[in-house]
Structure formats: structure tokens, C-alpha cells
Amino acid sequence: MRIPRGALLRSRVVDDPSEVLETVLDERLTGYVVFEPQDALLLGEATRGVVTFEDGIPVLAYDTERDCGGRDGLDGFAVTGPNRVTVHAVDADALAEAHETVEFRVPPGEPARTLAGDERLAERTTAEAPESRRAEGRDQSSVEAFLADAEAIEAIRSEAREEARARAEEWGLDDVLTDQSDSAFGE
Amino acid sequence: MVEAFAVASGKGGTGKTTSTLALGMALAEEYDVTVIDADTGMANLLFHAGLDDADVTLHDLLVEDRDASVEDAVYERFGMSVVPCGTSLAAFEAADPTRLRDVVAELARDTDVLLLDSPAALGSKSAVLPIVLADRIVVVLQPTVPSLSDGLKVQEYAHSYGTDTAGVVFNRVRPDEDVDRIAEQASRYFGGQTLASVPESDAVRAARRAGEPLLAHAPDDAAADAFREAAARLDVRDGDGRDVAERFKRAVVPDRV
Chain A
1 MRIPRGALLR SRVVDDPSEV LETVLDERLT GYVVFEPQDA LLLGEATRGV VTFEDGIPVL
61 AYDTERDCGG RDGLDGFAVT GPNRVTVHAV DADALAEAHE TVEFRVPPGE PARTLAGDER
121 LAERTTAEAP ESRRAEGRDQ SSVEAFLADA EAIEAIRSEA REEARARAEE WGLDDVLTDQ
181 SDSAFGE
Chain B
1 MVEAFAVASG KGGTGKTTST LALGMALAEE YDVTVIDADT GMANLLFHAG LDDADVTLHD
61 LLVEDRDASV EDAVYERFGM SVVPCGTSLA AFEAADPTRL RDVVAELARD TDVLLLDSPA
121 ALGSKSAVLP IVLADRIVVV LQPTVPSLSD GLKVQEYAHS YGTDTAGVVF NRVRPDEDVD
181 RIAEQASRYF GGQTLASVPE SDAVRAARRA GEPLLAHAPD DAAADAFREA AARLDVRDGD
241 GRDVAERFKR AVVPDRV
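Protein chains in written order, with UniProt numbering: chain A, 1 to 187; chain B, 1 to 257.
These are calculated hints, taken from the structure and not from any lab test. Just so you know, not all the hints are guaranteed correct.
Facing chain A, according to a computed beta carbon distance under 7 Å, are these residues of chain B, among others [what the hints assert, rightly or not]: (1) G13; (2) N44; (3) V56; (4) V63; (5) G79; (6) V103; (7) E156; (8) Y157; (9) S160; (10) Y161; (11) A186; (12) S187; (13) E200; (14) A203; (15) R205; (16) A206.
Covered, in the sense of this in silico footprint (three residues per stretch, anywhere, with C-beta under 8 Å from a C-beta of chain A), are these stretches of chain B [stated by the list, open to error]: (17) 124-134; (18) 214-222.
Bear in mind that the values here come from a model prediction, so they are computed numbers and not experimental data. Backbone N, C-alpha and C define an ideal beta-carbon position, used for all residues, glycine too.
In isolation and in its complexed conformation, chain A is listed as follows (with noise of 0.2 Å):
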């Protein structure tokens, strides 16, 4: 994905992600903010993710190192403990293309929700949303269509199976594997 590189109207370190999300939502920030958690880059872990903004409104965000976005990509750099935040300001033309990229939409109270835990801040904002984008959020019957839909579940527990299985060849730690070869639980 490619996002116009933007003005940058400021750099600083905050120990809490709700403080910056306020802040644009209040400026009604059109551009993007850099999220870089300090604790990760301590231990050598590079964590880095953006999150877009039309009017002050989360619209994508993206895990720039494990290059996903939407909701995955939040989670990847949601990391508690102060984060360096960069603010960048860019024009709302340049910033539509990118903002097709359904995929890595995010509902407009997400970032609240997941980077900083404040549910105040993301219902204050999915309540300054435009109408269009309200209704956007958990959707339960997705849960629960994921849910009822065993085959692909199984899908996902056995590609895990056999990925643990692979893996504990590698580290040396096939001589713990248990023999069973069919899922514990199922239906």
C-alpha cells in the first residue's frame, strides 16, 4: 500500500495512544499518524504501524513490518508502553486512492479500542463519524458465521496442528509431541 508522504506537523513520544487519537480527532486531522512502540524497540524489535485519518476519523491501518493491515495489522503494534508518534498532514485527494484498499479498513472507534483500550474515546469517535461509517464495528454475525462454519475451523486447526508438528521438528522439540493425530475436541 502506498500512502503520499505528508507534512509532518510533529514528533514526540507519548505514554498513552488515546492522547494522540484525541488530539486529531479534535484538529480533525486529514494524514496519517507513525506509531512506533519504544519498549519493542528496546529488545531489537522493530514494530512500526500507521493509521490514516479523514477528518479526524480513522480510516486504514498498517503494520509496516509484518505488512498486513485492517484489523491484524492493528493488533500487530499494539503494544503497551510509550510510542513515538509522528503526525503528517496530507491533502485528501492524494490520500483516496489509498484509502480504497478495503482490506485494511478499520472501523472508526478501532484504534481507540485497540491501541490505547479506551472505549470512551472510540465511541466519542465512531460518534463523530460520518453516518456512512457508524454502523462499521464488531460484527457480531460475523463471529458468529465464522463460528458455525466447521469445515473452516478444522481448516485452521489442522493447518495449526501441522505447523506445530513441523516447528517442534525444527527447535528440537518433537520428543514432547503428544502421538494423537485427531483434535482433542471437536464435534
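With the hints as your guide, set chain B onto chain A.
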């Protein structure tokens, strides 16, 4: 008597560390509880337990020819024995996570319940070691597709190593979510029982900022109640501490990750 639980989620942001300390404090009402920050690459528990300035941490126990004894890294806090992990890069690099086995075996001798706060990853030997070493896992989930999917993966890894599922905690549940229905569906795939549905709460963040576990910071909060309920449902099994220590010793792996 001892049983070791790995508190696992597969993904960050589910509130695993909060859950570990909350379950630990609730179980400490009845049991002698030791909580270990087994997330050696992304230490976090120390911030939640007011141990930011701990001199000796798990890292010091994972180095070759260590000077520190295991008890030097054990801090009595909030009615539990807490073994934090440090945040220094040098210490992390010097540490050999596979030594965790010996540390856990030693701690298992003198406690009823061991809780291992596990890494939110499955990509390395050190990340899976806590679920290999534990008797059972407690899976912390959010009622979302990515979280459930990752929880299933962690569970498969655990089962591959003969580690069963003690139960599932649904955490950070929003008021508009009907977790009962999701939990009922999920129970077909997850072992153990649904231990609790913990509501999203501002008190969790406030507790983290104060450097206190939720149950110490906001004992009357609805989330704290839910964690106590989860702990009450957890059927801690009797075991012989020596057997467990012995099993840990046999369990794993000489070489470095």
C-alpha cells in the same frame, strides 16, 4: 500440590497480562500462587505489578553461570509471588529462554498454582515454551474473528504438546456483544469451560497506569468481579509438586533458540 497454567492468546491486545494477574490475585485467596512473566521478549508484567525497578528479574535467571538465585527474582506482591521479566536488550540477548524449564521446575516445588504469562506469538521456541511446560492453558479471547482464530491456533499448538485447555476467558467484551451465544458456539471447538465474560473497562487502563493489578486497583469493578468468577470456575488439580518439577526437567531441549 501444583498445577501450572499458561495464560495464552496468540495475539496481543487481548489483555493477557491483565488476565494473568487478575486470575493470580483471585486464586491467591485460596492457593499459594506464583506468577511468572514468561514473555521474555516483550516484558510487560512488571509494569502491571509496580515492579518497574526490580533489580533481579527472570532474565538474570536465564543466563549461563548466573549469580542470582531463583528467590532473588521472586517478589511478594498483592498476595502473590511475582517473577517479573526485565526490559533490557542486553539482558534479553544474554538470556537463554530454554533455561525457563529449570526456573519453572524450581518454582513449582513451593507453590500451589503457577501462572505463566505467555508471549502473544508462536513463531519461536521461546514463544511456545510456556505452553509446552504448562499442564493446561487458559485461552484469553476477544469476541472477534481474528482473536478466535488465533486462540484456536494456540490451542492446537498446546494440544500438540499434550497441554490441555483449562478454559476460555472472553475479555474486553463490549456492552452490545452477546457473548453467551458466541461462547456456546466456541465451546464446540475450545476445550475446558467458558470461565468468564469480562466487560471492557476503563479501570483496566487506570490500573495499568497505577502499576497495580486490576483486582488491587479496582476490586469492585465489574471486570474484577468477572475475573474472580473465572478463577472460581478454574478447577485447580492436585498434583505432586515433585512430579511436576521432574516432568519439567525431562520436558525440554538443551540447545539455544
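Inset, instruction - Hint by hint, work out which the structure violates, then give me just those numbers in ascending order. - result: As far as the earlier hints go, 3, 4, 5, 6, 12, 14, 16, 18 are violated by this structure, in ascending order.
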